Structure formats: structure tokens, C-alpha cells
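Protein chains in written order, with this note's numbering: chain Z, 1 to 128; chain W, 1 to 177.
Think of the hints as simulated: they come from the structure by calculation, not from any bench. Since the model is a prediction, treat every value here as computed from it, not as a measurement.
Chain W is nowhere near these chain Z residues, computed Cβ spacing over 12 Å in every case:
#1 D6
#2 A10
#3 G19
#4 L21
#5 L23
#6 K25
#7 S30
#8 A47
#9 S51
#10 S55
#11 E92
#12 Y94
#13 P118
#14 F119
Here are some chain W residues pointing at chain Z (derived, C-beta under 8 Å):
#15 R57
#16 E64
#17 A128
#18 G137
#19 L140
Ideal placement from N, C-alpha and C gives every residue a C-beta, glycine not left out.
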Amino acid sequence: MNAMEDLIIARTAKTPEVGFLALDKTMTLSGRSIPENSIQFFEPLLAWTESFCKSCEGQVEVHVKLEYFNTSSSKCLMDLLKKLEQCSCAAEVYWYYEEEDEDMQEAGEDYAAIIQLPFKLVETSSED
Amino acid sequence: MPLHNQLLHPPCRLALENVEVGCCFEGTFEGQVMDTILRWVEHALDDAEVAKPTKKRAFRCAVEVIQNLSKHGRRGSFSFAIHGDGSMQFSSVNAVDDLQRDDLNVALEEANRLPLKELREQRLKKLAHGSRTDKGGAGLGLLDLRACSEDRVYTEFIPCSNELQWFVLTVEVPLTT
Numbered sequence: 001m002n003a004m005e006d007l008i009i010a011r012t013a014k015t016p017e018v019g020f021l022a023l024d025k026t027m028t029l030s031g032r033s034i035p036e037n038s039i040q041f042f043e044p045l046l047a048w049t050e051s052f053c054k055s056c057e058g059q060v061e062v063h064v065k066l067e068y069f070n071t072s073s074s075k076c077l078m079d080l081l082k083k084l085e086q087c088s089c090a091a092e093v094y095w096y097y098e099e100e101d102e103d104m105q106e107a108g109e110d111y112a113a114i115i116q117l118p119f120k121l122v123e124t125s126s127e128d
Numbered sequence: 001m002p003l004h005n006q007l008l009h010p011p012c013r014l015a016l017e018n019v020e021v022g023c024c025f026e027g028t029f030e031g032q033v034m035d036t037i038l039r040w041v042e043h044a045l046d047d048a049e050v051a052k053p054t055k056k057r058a059f060r061c062a063v064e065v066i067q068n069l070s071k072h073g074r075r076g077s078f079s080f081a082i083h084g085d086g087s088m089q090f091s092s093v094n095a096v097d098d099l100q101r102d103d104l105n106v107a108l109e110e111a112n113r114l115p116l117k118e119l120r121e122q123r124l125k126k127l128a129h130g131s132r133t134d135k136g137g138a139g140l141g142l143l144d145l146r147a148c149s150e151d152r153v154y155t156e157f158i159p160c161s162n163e164l165q166w167f168v169l170t171v172e173v174p175l176t177t
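Isolated chain Z, as found in the complex:
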């Protein structure tokens, strides 16, 4: 069986950097997610996650380091996290927010309240 390929996407002004690493079992989103068509952007991420989740084992770390996201992306992010709930391996979510950014902290708390996965909220300094 072929090893699963990583999904690497460079960040743009409106879409986040994506680093989904199958062997490392880490999934990272960082930057901003404000595309007009978020469904189109997230579609390959959801497909990768679904495929990865069918056969992964052990622990997978999910790092969400978003500066901004639009409401359309918030729904896509929910879809991604819901797929991870069904994963054959144990996913743990690390949600990063800048100090004093109550909106992003609240967003993390909201996802944590809905998604049945271990969630860690990580405060970062503005300079990080």
C-alpha cells in the first residue's frame, strides 16, 4: 500500500498555509482564511482528512493558528473538525489565539463546546 501523501498549500493573502503531514500525524492551518469561496478552498482539505482518517493510528495533533477567518470559513472549519471526530486515531486540537484577542479565544471556546475532541486553547504573544 502506498504511503499517503502530505497536503502542503502555501498561504496567500486570503487563504491559510496548510501543512497536513501524514507521517508526522500533524495537521496545521496558519494565517488567515477569508476566501470568497471557502468551500472550494476547503474541499481538498476535507478530502485529505477523510482519507487520512480511514487508516491512521495513534494520536494526531491539529494546530489551528488562524489570525482571521470569515463566517463561510468557520462553517468549513467545523466540517473539518467534525471529520476528525470520526477519525480512527485520536485527534487533539490546539487552538492558538493572540493575547487580548477575545474574539479568537471565544471562537476556540465555541468549537470546543461543539466538537467532541480534546481542545487546548493556547495564548500567544503578539510577537510570536
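Model the placement of chain W on the given structure of chain Z, informed by the hints.
Structure of chain W alone, referenced to chain Z:
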């Protein structure tokens, strides 16, 4: 006739006198135009002497207002103003027909149904169980604008022809404390 083919001039709705920074763009909201406006808003926010959380909130509002225009109106106007005290306003104007006005009124009624303190719970439910709108949106835009602006979202319909009216959406972003 499609709305965007009609020679309509959506008015700028913000009085741009006596503001620190202000702009109004009228035209078709798509692709590079939207990117350029958002970049400009971001530069203006970078230069504003307000706390970073306020800037981030303001940018979020700008994104939602502009993308709302592109989804529902395409042709319209967007105005942006930063006042001397650091508070900000965004306003969009686009033409709607009677059917669109009725749909908007339903969406506005739903978004304004609950008081601000119960808004988070409403957003949570919609995020967890809500379905996509026919435009591919999450149906969270108006709720998010209410939250971002601490309930300073104002809407009005102004007649502009026999069959159309301007839909005006104005959002004020207060200083975060």
C-alpha cells in the same frame, strides 16, 4: 433585466467629511477589486492609532460587508470611515428588487431576534447545525456583524426606481475596552 446591467449609481452612505480616513468605492465587487479594497482597508487600519483587537474586529466586519456585497449585489458601493476617536464605520449599498427585499427582511428578523447576550448561543447552534445558504454562505454573516459591532448594525431600504430599492447596511465598530 439583471440588476447589474442597469445604470444605477449606488450612493455612498457615509458622510466622509470630518473623518480621519475615509473612502468610498462604487462599482462591481468581484475578484481583484475586492482584494484591492480589502488591502486598502487593512493599510488604513494598520495606520490607525487604535488597539489591535479593534483593528482585527474592524477587518472582520469589512470582510463580511464586502463579501456580502459580492454574494448578493455584485454592483454596489462600499464606504469606510475612521473617526477621530478611533471608532469606525463601514457601509454598503446595493440594489434589490421586492423579492430580495422580502428575503432580506426575513434574514434580518432572524438575525435580530435575540438580544446581544444570547447571540453567542444562537451562533453556536447555527455553526453546529445550520445549513449553507443558496449562495454558499454559512448564514452567520449578520450574526457575526452584530457580535463584532456590539449590536451596531443598521439597515434601511431606500427607493431608487419603480421596481428597485437600495439596501443600505451600516456597521459601526466601537473601540474595544
